[in-house]
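Once you have looked at the hints, place chain H on chain X.
Number of protein chains: 2
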Amino acid sequence: MSQLFSQLQLLLGAAHVRQGSDESVWLSDKHRTYHGKVMAVVHPASTEEVAALVRVCAQHGAPLVVQGGNTGLMGAATPDDSGRSVLVRLDRMNRIRQLDTDNDTVTVEAGCILQNLQDAARQAGRLFPLSLGAEGSCTLGGNLGTNAGGTGVLRYGNTRELTLGLEVVTADGEIWNGLRGLRKDNTGYDLRDLFIGSEGTLGIITAATLKLFPLPKARSTALLAFDSLAQAVRFLSHARAGFGADLTAFELMSAACLALLREQFPEGPQPFATAAQPWFALLELSDNHSAEHAREAFERVLGEAFESDLLADALIAESLAQSEALWQLRENMSEAQAREGRNMKHDISLPISHIAEFVASTDALLQVHFPGVRNLTFGHLGDGNLHYNVAAPVGQSIAAHMANYAALSALVHRNTHAFGGSISAEHGIGQRKRELLAQVKSPVELELMRRIKQALDPRGLLNPGKVLP
Amino acid sequence: MSQLFSQLQLLLGAAHVRQGSDESVWLSDKHRTYHGKVMAVVHPASTEEVAALVRVCAQHGAPLVVQGGNTGLMGAATPDDSGRSVLVRLDRMNRIRQLDTDNDTVTVEAGCILQNLQDAARQAGRLFPLSLGAEGSCTLGGNLGTNAGGTGVLRYGNTRELTLGLEVVTADGEIWNGLRGLRKDNTGYDLRDLFIGSEGTLGIITAATLKLFPLPKARSTALLAFDSLAQAVRFLSHARAGFGADLTAFELMSAACLALLREQFPEGPQPFATAAQPWFALLELSDNHSAEHAREAFERVLGEAFESDLLADALIAESLAQSEALWQLRENMSEAQAREGRNMKHDISLPISHIAEFVASTDALLQVHFPGVRNLTFGHLGDGNLHYNVAAPVGQSIAAHMANYAALSALVHRNTHAFGGSISAEHGIGQRKRELLAQVKSPVELELMRRIKQALDPRGLLNPGKVLP
Numbered sequence: 001m002s003q004l005f006s007q008l009q010l011l012l013g014a015a016h017v018r019q020g021s022d023e024s025v026w027l028s029d030k031h032r033t034y035h036g037k038v039m040a041v042v043h044p045a046s047t048e049e050v051a052a053l054v055r056v057c058a059q060h061g062a063p064l065v066v067q068g069g070n071t072g073l074m075g076a077a078t079p080d081d082s083g084r085s086v087l088v089r090l091d092r093m094n095r096i097r098q099l100d101t102d103n104d105t106v107t108v109e110a111g112c113i114l115q116n117l118q119d120a121a122r123q124a125g126r127l128f129p130l131s132l133g134a135e136g137s138c139t140l141g142g143n144l145g146t147n148a149g150g151t152g153v154l155r156y157g158n159t160r161e162l163t164l165g166l167e168v169v170t171a172d173g174e175i176w177n178g179l180r181g182l183r184k185d186n187t188g189y190d191l192r193d194l195f196i197g198s199e200g201t202l203g204i205i206t207a208a209t210l211k212l213f214p215l216p217k218a219r220s221t222a223l224l225a226f227d228s229l230a231q232a233v234r235f236l237s238h239a240r241a242g243f244g245a246d247l248t249a250f251e252l253m254s255a256a257c258l259a260l261l262r263e264q265f266p267e268g269p270q271p272f273a274t275a276a277q278p279w280f281a282l283l284e285l286s287d288n289h290s291a292e293h294a295r296e297a298f299e300r301v302l303g304e305a306f307e308s309d310l311l312a313d314a315l316i317a318e319s320l321a322q323s324e325a326l327w328q329l330r331e332n333m334s335e336a337q338a339r340e341g342r343n344m345k346h347d348i349s350l351p352i353s354h355i356a357e358f359v360a361s362t363d364a365l366l367q368v369h370f371p372g373v374r375n376l377t378f379g380h381l382g383d384g385n386l387h388y389n390v391a392a393p394v395g396q397s398i399a400a401h402m403a404n405y406a407a408l409s410a411l412v413h414r415n416t417h418a419f420g421g422s423i424s425a426e427h428g429i430g431q432r433k434r435e436l437l438a439q440v441k442s443p444v445e446l447e448l449m450r451r452i453k454q455a456l457d458p459r460g461l462l463n464p465g466k467v468l469p
Numbered sequence: 001m002s003q004l005f006s007q008l009q010l011l012l013g014a015a016h017v018r019q020g021s022d023e024s025v026w027l028s029d030k031h032r033t034y035h036g037k038v039m040a041v042v043h044p045a046s047t048e049e050v051a052a053l054v055r056v057c058a059q060h061g062a063p064l065v066v067q068g069g070n071t072g073l074m075g076a077a078t079p080d081d082s083g084r085s086v087l088v089r090l091d092r093m094n095r096i097r098q099l100d101t102d103n104d105t106v107t108v109e110a111g112c113i114l115q116n117l118q119d120a121a122r123q124a125g126r127l128f129p130l131s132l133g134a135e136g137s138c139t140l141g142g143n144l145g146t147n148a149g150g151t152g153v154l155r156y157g158n159t160r161e162l163t164l165g166l167e168v169v170t171a172d173g174e175i176w177n178g179l180r181g182l183r184k185d186n187t188g189y190d191l192r193d194l195f196i197g198s199e200g201t202l203g204i205i206t207a208a209t210l211k212l213f214p215l216p217k218a219r220s221t222a223l224l225a226f227d228s229l230a231q232a233v234r235f236l237s238h239a240r241a242g243f244g245a246d247l248t249a250f251e252l253m254s255a256a257c258l259a260l261l262r263e264q265f266p267e268g269p270q271p272f273a274t275a276a277q278p279w280f281a282l283l284e285l286s287d288n289h290s291a292e293h294a295r296e297a298f299e300r301v302l303g304e305a306f307e308s309d310l311l312a313d314a315l316i317a318e319s320l321a322q323s324e325a326l327w328q329l330r331e332n333m334s335e336a337q338a339r340e341g342r343n344m345k346h347d348i349s350l351p352i353s354h355i356a357e358f359v360a361s362t363d364a365l366l367q368v369h370f371p372g373v374r375n376l377t378f379g380h381l382g383d384g385n386l387h388y389n390v391a392a393p394v395g396q397s398i399a400a401h402m403a404n405y406a407a408l409s410a411l412v413h414r415n416t417h418a419f420g421g422s423i424s425a426e427h428g429i430g431q432r433k434r435e436l437l438a439q440v441k442s443p444v445e446l447e448l449m450r451r452i453k454q455a456l457d458p459r460g461l462l463n464p465g466k467v468l469p
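In order, the protein sequence lines correspond to chains X and H.
So for the first sequence, our numbering puts the first residue at 1; every next one is plus one.
So for the second sequence, our numbering puts the first residue at 1; every next one is plus one.
Heads up, a few of these hints could be off.
As the list claims (entries may be wrong) - SDA-like cross-link-like pairs, simulated, lysine to any residue; straight-line CA separation at most 25 Å:
1. X:K217 with H:R295
2. X:K211 with H:A305
3. X:K441 with X:Q118
4. H:K217 with X:E304
5. X:K217 with H:F306
6. H:K37 with H:G20
7. H:K30 with H:L179
8. X:K30 with X:A391
9. X:K217 with H:E299
10. H:K217 with X:R300
11. H:K441 with X:R180
12. X:K441 with X:L461
13. X:K441 with H:F306
14. X:K441 with H:L179
15. X:K211 with H:H238
16. X:K345 with X:N70
17. H:K30 with H:S334
18. X:K217 with H:G83
19. X:K211 with H:S334
20. H:K30 with H:G83
21. X:K217 with H:A291
Claimed, not checked - Sample of chain H residues at the chain X side, in silico, Cβ under 7 Å:
22. G149
23. A241
24. A407
25. S424
26. E435
Note that these hints are calculated values from the structure, not bench results.
For glycine and all other residues, C-beta sits at the position ideal for the given N, C-alpha and C.
Chain X with its partners taken away, still in its complex shape (with noise of 0.2 Å):
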């Protein structure tokens, strides 16, 4: 056994420093996609044992990874397969320090669950807004890590607009105590921000102040139908203008999606089976008053936009268990794929303006580079974040389609870079994409951001191999 895993067991306890091979489950991601080795996963119990840890582990020249609930899909979590890392779980660090009502603050350390901290803010009669949808097994620190998005943005903003404050480990094991609960605070450089989607490269989050939210009184959900893309995004715009902040997500699915939704969940909902329309949407509107309030606006503005001509078909849900099975379509997409067989996801996001050209663009480049491959697109399009999913063609094996994926993907992140996007929109870059960074940054930015690494952890000690290409 190695002096640093000594050093460890002293510092933590023995119970709380394992051999990667008793814990092998963090060692790989999610989707069994990246596998790494390590020389011992520790679970510190507090800031100031992760700050004691990092010392030692800065001593011995051992690399960090921390790792929230694995649920990240770029490698960010995962280890590299040298078996020198230490990889931290935070999962002992879970507790809700202070929620503060008046101040509509929550402060919560990283390890906490996603989906516990929304029940705390429930209970005290407030909302954290995040919801995504490993929300029962993501953590806090994660989703810090990666700026998380989901389907609350449009209204309350990524990770990044929700924090307040944090509290950070540097590389040199010292406590950076941001917890601040303010929302105007201009004294010198933004170190929240460069923390927040920086996957675990630049400090180790331990903690986290951020905003609360009233609970909304009601909700209203709808399913609309569009004869085009940029239809929808023209409605889009009326919705906002018509719905203000009340618009809270605008979730956009192909009628593809909706085909595919059926044959994977025939005993779920059915809406638009027989619809001519190739694309549709789900928007939710909440209210602070009554969901009496909320109809009203809803008929107002779809009334306006049947009008206009921005809508051709609407589906409004009468009742709180419609309005679920209105969302049970959006969060039974990642599953239907996953019965379908693998296929290529790509998290882009673009701005709005130029989605409907984007997806006229790349569908056609792909059916010419690839013929007969199938377009499974949905996603965000309030944000501008599509998720540009691409399945096999019929009849094709899924291994002989997988076999282009890094020529398709290619051609996509190439495409969304060319319409002036983003080839990240909310899953971060990882190992998976670091090697594409350096395609779409600029020579400026990459230099940029490689002297910030090298400032704030000198000794590339920090998840190393991630980010940076």
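For chain H alone, coordinates are given in the frame of chain X:
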């Protein structure tokens, strides 16, 4: 004439490179507290010219100070008195490069005056919501450099939250084109937010892509009276729940502020002239539907507040003219103070839950140490931002009062820090609060800031002597 001066003339044209003595209006700050000397004032016309002049200055080791509308209060845009600096004015870079109504974004050069941008957005049927007293002369570059706040933060956020992308000239004279119009983009470190609020010390911001919003259909304004500051805080929580994001402004004013307004603007509006309440707030609601709809929400939420004893009295504007008269109160606050004579200004923020206690505690401490001083406390309560201003005791000369500035401010800032607040909510640090920063920031945070400065501006040529202690 120095070699650098000639090179700059060659680069920008002789008409756009002037001696400091010819343009001395830019060498002092607005309040003429700080004064500097420079070897040249330059007016570049393009980002490429800014990059070229930075490279030339770097060759000569000449510091660069970039200046917007010169309306800042912290001396951040005033050069030092070495006479070695080049003052960069971006007044020729004031174009709106692109306005995209489908994407709800605008790309604008840093020298554009804020009001011109507001007007351009309005002409396109959109709202650019940043709004502050200096909007007729301050520039976007200055707003970005200081992360400006203002009266719309409660609803729309600070300048930081309104910004999607930046174009920056680095200390090496390279151009970083980060002008992305994307709501989601998780591709590496957040350089944007590092430059925003760095007061010209990390790079020169030359352009930005900013968010636009729908123009509200209606606005409603009311002046509210409260029996205590704690009651105003409780009302705010109620109003956030009842109005949601439609709550656009919540501007606090003490009874002393209203009395001062009556005295200095006897021809102005005189609401609550005989009221006994100690605190008042200007509330504004935006509505996406109609004036009638806004009025209904107003009556509902204020009615509930009266029933729950969250409010002592309310004056609802019945017309646009009445609404403007109420806003005039808030807008006249600075001028009313100036007419009375100089007082001590403190731009601070606090967790909203601690504000009432902070004000009681600080007011009391001031009376012990500086008997008779008069508090003129107002500010953006919805953001926890107080302008905690302190006027001379009745009968004391302004000069005698101002002689205590250092000691009195130290007390206010010490107490702000003790209550978890910030010594600069929206005005920044500049040269004025630079040394104060060392008292309120931990050594860890200061060290992180220094490393970032070293990484991005290793020769220390960008706005030296500002921000960092």
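Now for the hints, and whether the structure bears them out:
Under the criterion of a C-alpha separation no larger than 25 Å, the hint pairing K217 (chain X) with R295 (chain H) is consistent with the structure, at around 19 Å. Distance restraint check for K211 (chain X) and A305 (chain H): the Cα-Cα separation of roughly 24 Å lies within the 25 Å cut-off, and the hinted pair is therefore satisfied. A hinted pair counts as satisfied when its Cα atoms are at most 25 Å apart, and K441 (chain X) with Q118 (chain X) does not qualify at roughly 36 Å. At roughly 15 Å between alpha-carbon atoms, K217 (chain H) and E304 (chain X) fall within 25 Å of each other, so this suggested pair holds.
Note on K217 (chain X) and F306 (chain H): the hinted pairing holds, with a Cα-Cα distance of about 20 Å set against a maximum of 25 Å. Proximity of K37 (chain H) to G20 (chain H) is assessed by CA-CA distance (about 7 Å); at most 25 Å being required, the pair is judged to hold. For a cut-off of 25 Å, the pair hint linking K30 (chain H) to L179 (chain H) is broken: about 31 Å separates their Cα positions. Annotation: proposed proximity of K30 (chain X) to A391 (chain X) holds, straight-line Cα distance about 20 Å (limit 25 Å).
With a C-alpha separation of about 17 Å, the suggested pair K217 (chain X) and E299 (chain H) falls inside the 25 Å cut-off, and the hint holds. Distance restraint check for K217 (chain H) and R300 (chain X): the Cα-Cα separation of roughly 14 Å lies within the 25 Å cut-off, and the hinted pair is therefore satisfied. Restraint check for K441 (chain H) and R180 (chain X): the C-alpha separation of about 12 Å stays at or below 25 Å, so the hint holds. At most 25 Å may separate the alpha-carbon atoms for a hinted pair to count; K441 (chain X) and L461 (chain X) meet this at roughly 24 Å.
Straight-line distance between C-alpha atoms of K441 (chain X) and F306 (chain H) comes to about 56 Å, which puts the hinted pair past the 25 Å bound. Distance hint between K441 (chain X) and L179 (chain H) is fulfilled; the C-alpha atoms sit about 12 Å from each other, no more than 25 Å. The suggested pairing of K211 (chain X) with H238 (chain H) holds, with an alpha-carbon distance near 16 Å, which does not exceed 25 Å. Under the criterion of a C-alpha separation no larger than 25 Å, the hint pairing K345 (chain X) with N70 (chain X) is consistent with the structure, at around 18 Å.
Simply put, K30 (chain H) and S334 (chain H) have alpha-carbon atoms about 14 Å apart, close enough for the 25 Å limit, and the pair holds. The straight-line distance between the Cα atoms of K217 (chain X) and G83 (chain H) is roughly 61 Å, outside the 25 Å bound, and the hint therefore fails. Simply put, K211 (chain X) and S334 (chain H) have alpha-carbon atoms about 31 Å apart, too far for the 25 Å limit, and the pair is violated. Our distance criterion of 25 Å between C-alpha atoms is met by K30 (chain H) and G83 (chain H), whose separation comes to about 20 Å.
As the CA atoms of K217 (chain X) and A291 (chain H) are separated by approximately 22 Å, the hinted pair is consistent with the 25 Å bound. Below 7 Å, beta-carbon pairs count as interface contacts, and G149 (chain H) has one with chain X at about 5 Å; its hint therefore holds. Contact between A241 (chain H) and chain X, as hinted, is supported at the beta carbon level, the nearest pair being about 4 Å apart and thus within 7 Å. Here the hint on A407 (chain H) is broken, as its CB sits about 21 Å from the closest CB of chain X, past 7 Å.
At about 5 Å, the closest approach between the beta carbon of S424 (chain H) and any beta carbon in chain X falls short of 7 Å, and the interface hint on this residue holds. The beta carbon of E435 (chain H) is not positioned within 7 Å of any beta carbon in chain X (closest approach about 13 Å), and the interface hint is therefore violated.
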